[in-house]
Amino acid sequence: AQSVTQPDIHITVSEGASLELRCNYSYGATPYLFWYVQSPGQGLQLLLKYFSGDTLVQGIKGFEAEFKRSQSSFNLRKPSVHWSDAAEYFCAVGARAAGNKLTFGGGTRVLVKP
Amino acid sequence: DAEITQSPRHKITETGRQVTLACHQTWNHNNMFWYRQDLGHGLRLIHYSYGVQDTNKGEVSDGYSVSRSNTEDLPLTLESAASSQTSVYFCASSESTGKDTQYFGPGTRLTVL
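Chains as they are written, first to last, in our numbering: chain A, 1 to 114; chain B, 115 to 227.
What the hints contain is simulated information worked out from the structure, not anything from laboratory work.
Taking lysine-lysine and the PhoX-like style, the derived pairs with C-alpha atoms no more than 25 Å apart in a straight line are:
| # | chain 1 | residue 1 | chain 2 | residue 2 |
| --- | --- | --- | --- | --- |
| 1 | A | Lys68 | B | Lys213 |
| 2 | A | Lys61 | A | Lys113 |
| 3 | A | Lys101 | B | Lys213 |
| 4 | A | Lys49 | A | Lys68 |
| 5 | A | Lys61 | A | Lys49 |
| 6 | A | Lys61 | B | Lys213 |
| 7 | A | Lys49 | B | Lys213 |
| 8 | B | Lys213 | B | Lys171 |
| 9 | A | Lys101 | B | Lys171 |
| 10 | A | Lys49 | A | Lys101 |
| 11 | B | Lys125 | B | Lys171 |
A partial selection of chain B residues facing chain A, derived with a Cβ cut-off under 10 Å:
| # | residue |
| --- | --- |
| 12 | Gln120 |
| 13 | Phe147 |
| 14 | Leu153 |
| 15 | Gly172 |
| 16 | Phe204 |
No residue lacks a Cβ here, since even glycine has one placed at the ideal position from N, Cα and C.
Whenever a hint applies, use it, and build me the whole structure from the sequences.
What follows is the structure, encoded as structure tokens:
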């Protein structure tokens, strides 16, 4: 069975500073990997996804993520955060063998200091 | 524009009552999913459907049921609400494959007293 771990429950970052959110997955074959963002009181919105090919994936809102098979990781990064990036971020993993289902990590809440 | 809606947005009910949460999508997607979101657990899959008349149990399906009579709707029923089912519930839909983006509704906050 697939699983996802987001080691950081909360991260506080200053506006303009860089941000990196960690995601580790467990799955035997090549996974489908996703990052979603949830603003307060809202549903989830897709930031980016990875299936194959170039391991550095660009997403919306200036985010990018890098797939590292050797480390079973798919970390999300942004070079310079804005106050509007304060939200909860979820990493999710899917797989062909799992049908169309996703398994989500526990989430990382990002606070942005002025 | 296509969208996915949930109703009600907030619901307070009493232990033992039957509750139905509605989910409606206009994407014409084959796949629909119900999740619950609880602190520290992220999103956990309750039930899902790959098409009309198809339903499947997810990770935390006990006490919940769904039915899919058309493409657009996947209502979630709590047969006899329990306090442990107090949560935020999200519906999502996707086109066909595991690579397709899941689009989420705005959520329903359910409180069981």
